[in-house]
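Colleague: Here the protein sequences line up with chains A and B, keeping their order. Letter 21 of the first sequence, counting from 1, is numbered 21 in this note's numbering, and no numbers are missing. Letter 145 of the second sequence, counting from 1, is numbered 145 in this note's numbering, and no numbers are missing.
Be careful, since some hints might not be right.
Keeping only pairs whose Cα atoms sit at most 16 Å apart, straight-line, the calculated EDC-like set for lysine to aspartate or glutamate is [claimed, not checked]:
1) B:Lys421 / B:Asp369
2) A:Lys45 / A:Glu7
3) B:Lys421 / B:Asp360
4) B:Lys421 / B:Asp382
5) B:Lys421 / B:Glu400
6) B:Lys198 / A:Glu7
7) A:Lys79 / B:Asp206
8) B:Lys421 / B:Asp374
9) A:Lys79 / B:Asp207
To give an idea of the chain B side of the interface with chain A (calculated C-beta under 10 Å), a few residues [what the hints assert, rightly or not]:
10) Ser41
11) Leu64
12) Glu68
13) Ala71
14) Asn151
15) Lys198
16) Asn200
17) Tyr208
18) Pro211
19) Leu212
20) Leu213
21) Ser215
22) Leu261
23) Leu306
Hints in this document: simulated from the structure, not taken from any laboratory. Just so we're clear, the structure is a prediction, and the values are computed from it rather than from any experiment. By construction, the Cβ of each residue, glycine as well, lies at the ideal position given by its N, Cα and C atoms.
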Amino acid sequence: MARETRELICISCPMGCPLTVTLEGGVVTSVTGNTCPRGDAYGRKEVTDPTRIVTSSVPVDGSPTERMVSVKTASDIPKDRIFDVMRALVGVRAAAPVGIGDVIVPDVAGTGVDMVATRRA
Amino acid sequence: MRKAIERHDVVVVGGGPAGLAAAIAAREAGADDVLVLERDSQLGGILNQCIHNGFGLHTFKEELTGPEYAARYVDRADELGVARRLGTMVVDISAGRVVTTVSAAEGVTRIAAGAVVLAMGCRERPRGALATPGHRPAGIYSAGTAQRLVNMEGQLPGREVVILGSGDIGLIMARRMTLEGAHVACVAEIMPYSGGLKRNIVQCLDDYGIPLLLSHTVVDIEGRRRVEAVTIAEVDEGLRPIAGTEVRHPCDTLMLSVGLLPENELSRSAGVELSAVTRGPVVDQDLQTSVPGIFACGNVLHVHDLVDFVSQEAAVAGLQAARYARGPQTPDDSRGIPVVAAEGVRYTVPSHVDPDRMGDSLTVRFRVDNEYRDRHVSVYLDDRRVQHRRRRIMAPGEMEQVVLRRPDLLAHEGLSRITVKLEEA
Numbered sequence: 001m002a003r004e005t006r007e008l009i010c011i012s013c014p015m016g017c018p019l020t021v022t023l024e025g026g027v028v029t030s031v032t033g034n035t036c037p038r039g040d041a042y043g044r045k046e047v048t049d050p051t052r053i054v055t056s057s058v059p060v061d062g063s064p065t066e067r068m069v070s071v072k073t074a075s076d077i078p079k080d081r082i083f084d085v086m087r088a089l090v091g092v093r094a095a096a097p098v099g100i101g102d103v104i105v106p107d108v109a110g111t112g113v114d115m116v117a118t119r120r121a
Numbered sequence: 001m002r003k004a005i006e007r008h009d010v011v012v013v014g015g016g017p018a019g020l021a022a023a024i025a026a027r028e029a030g031a032d033d034v035l036v037l038e039r040d041s042q043l044g045g046i047l048n049q050c051i052h053n054g055f056g057l058h059t060f061k062e063e064l065t066g067p068e069y070a071a072r073y074v075d076r077a078d079e080l081g082v083a084r085r086l087g088t089m090v091v092d093i094s095a096g097r098v099v100t101t102v103s104a105a106e107g108v109t110r111i112a113a114g115a116v117v118l119a120m121g122c123r124e125r126p127r128g129a130l131a132t133p134g135h136r137p138a139g140i141y142s143a144g145t146a147q148r149l150v151n152m153e154g155q156l157p158g159r160e161v162v163i164l165g166s167g168d169i170g171l172i173m174a175r176r177m178t179l180e181g182a183h184v185a186c187v188a189e190i191m192p193y194s195g196g197l198k199r200n201i202v203q204c205l206d207d208y209g210i211p212l213l214l215s216h217t218v219v220d221i222e223g224r225r226r227v228e229a230v231t232i233a234e235v236d237e238g239l240r241p242i243a244g245t246e247v248r249h250p251c252d253t254l255m256l257s258v259g260l261l262p263e264n265e266l267s268r269s270a271g272v273e274l275s276a277v278t279r280g281p282v283v284d285q286d287l288q289t290s291v292p293g294i295f296a297c298g299n300v301l302h303v304h305d306l307v308d309f310v311s312q313e314a315a316v317a318g319l320q321a322a323r324y325a326r327g328p329q330t331p332d333d334s335r336g337i338p339v340v341a342a343e344g345v346r347y348t349v350p351s352h353v354d355p356d357r358m359g360d361s362l363t364v365r366f367r368v369d370n371e372y373r374d375r376h377v378s379v380y381l382d383d384r385r386v387q388h389r390r391r392r393i394m395a396p397g398e399m400e401q402v403v404l405r406r407p408d409l410l411a412h413e414g415l416s417r418i419t420v421k422l423e424e425a
């Protein structure tokens, strides 16, 4: 069975632990170098199904203080869908009042994930 | 007519992450009257424009964006009744802890503080500090300015971008500009290593195929009215451009992410002793500066990578400020035992420790002076090694820490020096 190792930097948090992921026949057999369980999970996922949280900001109408409201995908989405999400935000405007966690775009770009506000406006 | 002087127990200068965490900790430690002074129109500081995720994993065990992280602290400050004055600029702090402010609403005000917490943060090193040749056209932005324009003002500063310096904000902006439809040609870094966090190189540059050119710098900027091109060249070990390596990049925007400078003008006016290495105040285990009753935390003390650590540090400063404000302190002649930054360690915060006054443990934060692989971080009490911990990779862009244990320090007779250094295995 083909044995393969991949060196990764964990991006689960800003610690940036250096990971070594070992695969045998395309199946992850070990993750080392992580200092927490998130690192193990990231290492396994990054070599099989990489995902990211996408953040951006969109204009908001009617806010006394803000021109823009920041948004994020409520959970991570496949890495190869990032630009689809960005395209789906073109022309989107939020309407005040906006609370943290309010859905700004439901099921953004058909990912099944909502785009939610990350600040009040 | 001069207004009567106001009095407050704890006055916090700056309402960003450090100031908020310090004010909350001071209230929680029993200070009744805590006042935050903030020159912006809202609390939260730079977090308001840091819309990317990755904040709060240490503090909240979840991954928040900057505005969400700030909101947690603003909400807590509201619950605790922390007073704040927005749109209010502190223009002077005296060694006797009189804080002079100016605002459109109230004009000039003088506040006598039981204790002061310095939490003014830092600012970006500007183009003028770099001695980059070339014209002075529009289109040259510090990365933080560009970040504010894109994320808070809804303006795209340019379409074809070169970034000089690999600080975290520059890396974050490389991704942000790419997502907004601009093209980022490259990030040039004069040093042989990045100034930013590894995770940001992975998810801001590698994810989008943006090259990071180490040991490269900008040697020319073209354009009269607007940037038209920049020329990038490789540098030698002395950081001098190598003739013949120049590559010209046509572009309309040059972003600078070339370092952050603690903003200590007010500390100076109060007579606070500053470190030549960190450019922030010299502090003891309580994060108290050389001026009694004045404490410092966050990026004004030393530039951090992680806001979580800013919050932790600021909570110490807030707690100690509350204690100081509560009662007359016994004058303390000794400044404690020096913490010496030796081989490979650029500085430590704090830089001296009094074992009699410290808690059970004390986090000492530091930065290394180069990239290191497979080194040990060692702590010596005088000549005796008490800690020896292997680290696979260390880099100047990533803050490190050791934890000193009070029993270890007390058990060491006649302790005169604590040394933090790197050693081979």
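Colleague: A separate judgement is required for each hint: does it hold in the structure or not?
Modeller: Here's how the hints hold up against the structure:
1. Taking the CA atoms of lysine 421 of chain B and aspartate 369 of chain B, the gap is near 11 Å; set against the 16 Å cutoff, the hint holds.
2. Our distance criterion of 16 Å between C-alpha atoms is met by lysine 45 of chain A and glutamate 7 of chain A, whose separation comes to about 13 Å.
3. Taking the CA atoms of lysine 421 of chain B and aspartate 360 of chain B, the gap is near 22 Å; set against the 16 Å cutoff, the hint is violated.
4. Proposed proximity of lysine 421 of chain B and aspartate 382 of chain B is supported: the alpha carbons are some 12 Å apart, at most 16 Å.
5. Proximity of lysine 421 of chain B to glutamate 400 of chain B is assessed by CA-CA distance (about 11 Å); at most 16 Å being required, the pair is judged to hold.
6. At roughly 13 Å between alpha-carbon atoms, lysine 198 of chain B and glutamate 7 of chain A fall within 16 Å of each other, so this suggested pair holds.
7. Proposed proximity of lysine 79 of chain A and aspartate 206 of chain B is supported: the alpha carbons are some 12 Å apart, at most 16 Å.
8. This hinted pair checks out: lysine 421 of chain B and aspartate 374 of chain B have alpha carbons roughly 14 Å apart, not beyond 16 Å.
9. Of the supplied pair hints, the one linking lysine 79 of chain A and aspartate 207 of chain B holds, its CA atoms being roughly 9 Å apart against a limit of 16 Å.
10. Nearest Cβ of chain A to the Cβ of serine 41 of chain B: about 7 Å, under the 10 Å cut. The hint holds.
11. Because the closest C-beta pair between leucine 64 of chain B and chain A is about 8 Å apart, less than 10 Å, the hint holds.
12. A distance limit of 10 Å between C-beta atoms decides the matter here; for glutamate 68 of chain B the minimum to chain A is near 5 Å, and the interface restraint holds.
13. Annotation: interface hint on alanine 71 of chain B holds; nearest CB of chain A at approximately 6 Å, less than 10 Å.
14. The restraint placing asparagine 151 of chain B at the interface with chain A holds, with a minimum CB-CB distance near 5 Å, inside the 10 Å limit.
15. Interface hint status for lysine 198 of chain B: upheld, as the beta-carbon distance to the closest one in chain A is roughly 4 Å, under 10 Å.
16. Taking 10 Å as the C-beta contact cut-off toward chain A, the hint placing asparagine 200 of chain B at the interface holds, the least distance being around 8 Å.
17. At about 9 Å, the closest approach between the beta carbon of tyrosine 208 of chain B and any beta carbon in chain A falls short of 10 Å, and the interface hint on this residue holds.
18. Below 10 Å, beta-carbon pairs count as interface contacts, and proline 211 of chain B has none with chain A, the closest being about 17 Å; its hint is therefore violated.
19. Here the hint on leucine 212 of chain B is broken, as its CB sits about 13 Å from the closest CB of chain A, past 10 Å.
20. The interface hint given for leucine 213 of chain B is violated, since its Cβ lies 19 Å from the closest Cβ of chain A, which is over the 10 Å cut-off.
21. Annotation: serine 215 of chain B was flagged as interfacial toward chain A, and the flag is violated, the nearest CB pair being 21 Å apart, outside 10 Å.
22. Below 10 Å, beta-carbon pairs count as interface contacts, and leucine 261 of chain B has none with chain A, the closest being about 21 Å; its hint is therefore violated.
23. Hint status for leucine 306 of chain B: holds, given a least beta-carbon distance of 5 Å to chain A, under 10 Å.
Hint check: violations occur at hints 3, 18, 19, 20, 21 and 22; the rest are consistent with the structure.
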